[in-house]
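A.B. asks: These protein sequences, in sequence, are chains F and H. Be aware that the first sequence starts at 105, since it is given in the working numbering, and climbs by one per residue. Be aware that the second sequence starts at 204, since it is given in the working numbering, and climbs by one per residue.
What the hints contain is simulated information worked out from the structure, not anything from laboratory work. Quantities reported herein were computed from a predicted structural model and do not represent experimental measurements. Misleading hints may appear alongside valid ones.
[Said to hold, decoys possible] The calculated lysine-lysine pairs, modelled on DSSO-like cross-linking and capped at a C-alpha distance of 27 Å, are:
1) F:LYS109 <-> F:LYS182
2) H:LYS527 <-> F:LYS109
3) F:LYS118 <-> F:LYS108
4) F:LYS133 <-> F:LYS108
5) H:LYS527 <-> F:LYS125
6) H:LYS528 <-> F:LYS125
7) H:LYS229 <-> F:LYS133
8) F:LYS133 <-> H:LYS527
9) H:LYS663 <-> F:LYS118
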Amino acid sequence: MSRKKRILLVDDEKSFTSLLKLNLEETNKYEVRVENWAEDAVKAAREFQPDLVLLDIIMPRLPGGNVAALIEADPQLKGTPVVFLTAAVRRAQVEDHDGIIGDHPCLAKPATVEEITAMIEKHARA
Amino acid sequence: MVDTPINLLLVEDNPGDARLIRELLKEVGLPGYQVTQAGHLSQALEAVAGQTFDIILTDLTLPDSRGLEAFRALRTAAPTTAVVVLSGVDDETLAVGAVREGAQDYLDKGRLEPHVLGRAIRYAIERQRAEVELITQEAFYHSLVEHLPQNIFRKDLNERFTFANQRFCQLLGRSREEIIGKTDFDFYPPELATKYQKDDQEVIRSGKIFETVEENVSPSGEKIYVQVVKTPIRDVQGQIFSTQCIFWDITERKRFEEQLQQKNAELAAIAEALRRSHEELKSAQLQLIQAEKMESIGTLAAGVAHEVKNPLAILQMGINYLSKKVPTEDENVAMVLQEMREAITRADATTRSLLEFAASRQLKMRPEDLNDIIHGTLKMVRHALTDSQIEVSRELAESLPKVMADRTQIQQVFVNIFMNAVHAMPKGGQLIVRTYPKTMSETTHREGSRKSTHLWVGEKVVAAEVDDSGTGIPEENLAKIFDPFFTTKPAGQGTGLGLPVSKKIVELHGGAIMIRNRPDGGVRVTLLFKQAKEQT
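So that you can see chain F by itself, here it is in the shape it has in the complex (with noise of 0.2 Å):
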């Protein structure tokens, strides 16, 4: 058995990352923390080191964008692989972009566990 995947949870919606964390850890693949303050994502993810980030761009007081542009100036964090994800944008649009807003991959919610499961599979760092 491999060790389990890091993720950060950064969304402001303490429902979601509750029920979120719950099924992605029922699959005992994943090691998850939530952070539901935007402008502590940055702190939680230094101390948290993860293989991934998945990150809401709507959030109160710092934008998921600013949030991911942090992380990616942060010496420590640096190129640690961010997933959008998001209600702020339609399917469509996202396939549009083929998956990719701002350099970074996007979900649109509501995604179910299995897509957001086969997001984390393919960019997380191994």
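Here the structure of chain F is known, so what remains is to put chain H in place on it, guided by the hints.
C.D. replies: Chain H in isolation, oriented as in the chain F frame:
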């Protein structure tokens, strides 16, 4: 006839003759008369200067005048009074001379009888009146002909001039004597003379008035226009013996008309330009209003969608989790979870369509081949078509003009139309897709319409028709099919946004969409797109 009292001057120096005539006059039976008698010419002239006589009876041999002089003097003094000469046996020749010079009659004094005298007096007065009237009339017409600003001439049947008025003489620069008896060939170039004579012959042949406007070139080289009226002249028997021509220069009027026409055309062009710019302005304004409206609707829809999608995502996660945790032996639990999953899919589809409907579209317009788009779209929906056993016929025009279109958007329109057709033919059927170029024969504009774009009469378009052999649309629903959220499909099968979105897309392309029931069953959807301006 003469029935008023007659004022008579009797000029007779022989008292016997005078008495005889007075006696005879009594027997004539005139309605009433008054006689003034003069023995000398001088007395007679005095009388004529003092009053107006109806008739003068005069002897030609007077003490102070002999021969025609007496007659001439009286004639000059009273030119409108009838004169009857009384002659003796010896001067009958003289009397005839007087008649030639305008006397109405002469009477032989030796053979005078009452009825002869009476008749001579009456007729002389009548004839004199008629002559005076004729002369007056002739003078009137002569004056008309000579002073009208028109050129007037007459010709005989051999094309020789028989009359020319003053103006025509001036025009030709010849005297009347130089014109009479000549033909057009003496004054005009042969080709013109030939034409003029041909026109005359036509008048003689048809017996009808001939009117035309001739274009000539003046000696100074300017173009001039001449109005010509030619008429046949008939004799007492009704035979044509002459032609008359009246013509006059209408160059000024023509120039004025031409200027008027030109000004009219200019005015019409200005009015048209104004109408167009007004139309464009209105269109721009409506587009602006529409854009603003769509932007606010778009913002609202995006906000609503975001707020709906997040809870949907939470539900999705919850169902995912429960699916794994709840015992699957219970069939009801599995069913409930499945229903919930489908409910999420439906709600998601609705928010997505809402966003599409509200999104202010930035169209990526390019010249596109509509046939290509149709082939591509049919490929996209081929599974749905074959699953429902629908046979597709393509009647696509060759070398179809291109249309300006956003390919993805138009594909979406065709997907909507094809899927509606599939839903209308659940037990199979026929789908005919047709394209052809066409020129609009009626506008899509309706008076008072607030739509920002219209197709106008004469505009070149490409038409696409999609016919299905389905159940058709109930008449009461035809007016509602483009209303958002109107659907007749079972819950979950349609969002009620397919046609509104399609209509919006087509209209953003400046085109039109029409849906009608076909007389032989099924529905025809007609799409009209403007042809791309520069065909490549």
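A.B. asks: So, for every hint listed, does it hold in this structure?
C.D. replies: Right, here's what the structure says about each hint:
no. : hint                  : in the structure
1   : F:LYS109 <-> F:LYS182 : holds (18 Å)
2   : H:LYS527 <-> F:LYS109 : holds (21 Å)
3   : F:LYS118 <-> F:LYS108 : holds (23 Å)
4   : F:LYS133 <-> F:LYS108 : holds (5 Å)
5   : H:LYS527 <-> F:LYS125 : holds (14 Å)
6   : H:LYS528 <-> F:LYS125 : holds (15 Å)
7   : H:LYS229 <-> F:LYS133 : violated (163 Å)
8   : F:LYS133 <-> H:LYS527 : holds (15 Å)
9   : H:LYS663 <-> F:LYS118 : violated (58 Å)
In the structure shown, a violation is registered for the earlier hints numbered 7, 9, in ascending order.
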